[in-house]
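Asks: Got two chains here, each in a separate frame; can you build the complex from them with the hints?
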Amino acid sequence: MQAIIEIGYLLATLSFLGGLKFMSSPKNAKTGNLIAASGMTLAVVITFISAVTETVPYTNLIILFLAIAVGTVVGKRLSDKVEMTGMPQLVSLFNATGGGCAMLLGLVEANQMDAATAILGNKILLISGLITGAVALTGSIIAERKLAGKVKDRRTKLVIFSARFLLLLMFLLPGLYFIGFIPVEFTVFMYILAVIAMVYGVLFVLPIGGADMPVVISLLNSITGIATAFAGFVYGNKVMIAGGIFVGAAGILLTLLMCKAMNRSLMKVLAGTFKKSKGGAVEEEQ
Amino acid sequence: MDFINQHIQEIYFVIFCVFIGIEVISNVPAILHTPLMSGANAISGVILVGAIIVMLKVPEDDYLNLTLGGIAVFLGTLNISGGFFVTGRMLKMFSPKKENSK
Numbered sequence: 017m018q019a020i021i022e023i024g025y026l027l028a029t030l031s032f033l034g035g036l037k038f039m040s041s042p043k044n045a046k047t048g049n050l051i052a053a054s055g056m057t058l059a060v061v062i063t064f065i066s067a068v069t070e071t072v073p074y075t076n077l078i079i080l081f082l083a084i085a086v087g088t089v090v091g092k093r094l095s096d097k098v099e100m101t102g103m104p105q106l107v108s109l110f111n112a113t114g115g116g117c118a119m120l121l122g123l124v125e126a127n128q129m130d131a132a133t134a135i136l137g138n139k140i141l142l143i144s145g146l147i148t149g150a151v152a153l154t155g156s157i158i159a160e161r162k163l164a165g166k167v168k169d170r171r172t173k174l175v176i177f178s179a180r181f182l183l184l185l186m187f188l189l190p191g192l193y194f195i196g197f198i199p200v201e202f203t204v205f206m207y208i209l210a211v212i213a214m215v216y217g218v219l220f221v222l223p224i225g226g227a228d229m230p231v232v233i234s235l236l237n238s239i240t241g242i243a244t245a246f247a248g249f250v251y252g253n254k255v256m257i258a259g260g261i262f263v264g265a266a267g268i269l270l271t272l273l274m275c276k277a278m279n280r281s282l283m284k285v286l287a288g289t290f291k292k293s294k295g296g297a298v299e300e301e302q
Numbered sequence: 755m756d757f758i759n760q761h762i763q764e765i766y767f768v769i770f771c772v773f774i775g776i777e778v779i780s781n782v783p784a785i786l787h788t789p790l791m792s793g794a795n796a797i798s799g800v801i802l803v804g805a806i807i808v809m810l811k812v813p814e815d816d817y818l819n820l821t822l823g824g825i826a827v828f829l830g831t832l833n834i835s836g837g838f839f840v841t842g843r844m845l846k847m848f849s850p851k852k853e854n855s856k
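Listed in order, the protein sequences are those of chains F and G.
Numbers 17 to 302, taken from this note's numbering, label the letters of the first sequence in order.
Numbers 755 to 856, taken from this note's numbering, label the letters of the second sequence in order.
Because the hints were derived from the structure by calculation, they are not lab data.
No experiment lies behind these values; they were computed from the predicted model shown.
There's no promise every hint is true.
[Stated by the list, open to error] The calculated DSSO-like cross-link candidates involving lysine-lysine, where the alpha carbons are at most 27 Å apart (straight line), are: (1) F/K46 to G/K846; (2) F/K254 to F/K139; (3) G/K846 to F/K97; (4) F/K46 to F/K254; (5) F/K46 to F/K97; (6) F/K254 to F/K37; (7) F/K166 to F/K284; (8) F/K276 to F/K168; (9) F/K46 to F/K92; (10) F/K166 to F/K97; (11) F/K97 to F/K168; (12) F/K43 to G/K846; (13) F/K284 to F/K173; (14) F/K139 to G/K811; (15) F/K46 to F/K276; (16) G/K846 to F/K37; (17) F/K97 to F/K43; (18) F/K37 to F/K276; (19) G/K846 to F/K276; (20) F/K43 to F/K276; (21) G/K811 to F/K254; (22) F/K43 to F/K92; (23) F/K92 to F/K37; (24) F/K92 to G/K846.
Next up, chain G with everything else stripped away, as it sits in the complex (with noise of 0.2 Å):
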């Protein structure tokens, strides 16, 4: 009950996320699912934030961590900047005028 009443907000916060982001999305047109999931993926990129909260977090000398956190933050970058590349690589294959036609 403690945990309830602690984060009420979180929850409120986390249901309302979720309804949004099923809203924004549900009319996507066929053609666009695969740039959408795309987008999506690099959106998910932003766990980034969080590795790099904890690399600035680990002590200088320990060099497991220091390892791990460094590569955690090369994976997280390269899932934002390869994602939204490609995203735009993708998009530009579509003209707006085969679109219009759809």
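One chain only, chain F, in its complex shape (with noise of 0.2 Å):
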């Protein structure tokens, strides 16, 4: 049993490799995307398969069904009822919900273990997967709206330093509260992160023009998939790292693809606040 849910796991990572591969050439982007949707309810059906016993209840299973098939279902319609030019706005609320989902699976990680006993490596990844999760969540909300014209840029000094403030933050807090000069419950200290991460994303995409919002989208989606590898690492599950990291490496890539493409440097698009972010990321996961 055991080894149909591996090779099951890894015809979906494959699967997610060929997809991209195959989404990258236009002669075979639809096969690509047929190939990865396969592999992903293929993923999802394997993880229903081996996470189900009797001793779930029931309660559970109903939401789960639920949840799955109301998403499913909102999920087709949104995408049908689009008008084409309107297509970049809803992928990036769609990647919202990606971070979105990484941000709540921390909160309830966290709210679940025992934060006495937990081992520190554990409690990294996760605030690193919420922290991401929440800045790709508003991120992607803000770049959503700006891209519909709701939202202007603001410029304004007072937004690019408290965002500098809080990136700073984001990196401390963690730092402070392992040494353990802040005397919080885990959990309560993960429902800050969250905030301020959320914070962050917001004052992090404002004042980037509106122009630029799909080089934004782009690298928010890498972000996402970030967030889905470090939470992949708390459960140790293969399909998730790896479809993670390839999201976050190809985004990336991607990122810097469209910047070139635009003729524009990544760094003038962000305002320099980008590095930082990304290299912190990275370190917090060794």
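Replies: Now the structure itself:
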């Protein structure tokens, strides 16, 4: 049984890889999408088979199936209804849902785990996943609003300064917490961090020009991928790690390629705030 | 040091994944940037796997976590289904002839 599960995950991982590969050539792009989608379905089914036992209460199962059914239907509806010009917005919105999922996952897992006995590494992974997910969530929502023309650029000194301050805070606070300077419970601390990261996500995207939004969405997409990978480490789940890292790496390359196609440097697009956050995320992972 | 000894496989795994992820899309033409971004976005929805795992672990009477977990599963599914459907729709717009001339 275990072997079947492992093979299923392996196939899913390979399908992501093949999907990405096919999607980057015009002829096979449709096949690529299909391959990746079937791999994803396989991964979900396998997970379900491997995780479900007789002890799982019915309430959980009902909520789970309901959430999956509603999510599928809503996703299909939204993508069917969207205008051709509104697609980048929708992609941004879906990216926000991925980030939100990562953030909530961090919170629930923190609530579930026994903070006293949990090892430090897992806590750091949870925090990293939570922060990256929350940034991707609010950042993508603001990007979507900007593409829709509902939010204007705000490039005031205050916004840029507070964004940098919050970024610093997101690295300092976990450090201080683990040394023992912040005497709150781990779960409470996670909620605080989630709020800080969500505010940061807003401030991170606000100063960036509306025309650069596709680049930012691609970047946030790769951040969601990294958040997925962090969560994958927590559960030791290879398909999550692989999928997350593929998206993270491919997303960053894609971001750079898009910048190149627009003849702008990423630094100029982001006004210098990006490098730090990326480097930090990788550091925390070690 | 202990950590490195125990996790050396994962470290290799991550490094290879990074390079494969970069390599696999390195030749993408500009016209496919947006669909590829959308497809990658859908793949990052694999976070749903984690959400399902956590959802099945939550105790029955823990309403806060059941709610949060339920929302997480919903969001993850939305990410996947929406992501793949929207990518499919985007790709439908490309007729093979147009691409060959690119």
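Asks: Taking the earlier hints as the rules, which of them does this structure contradict?
Replies: none
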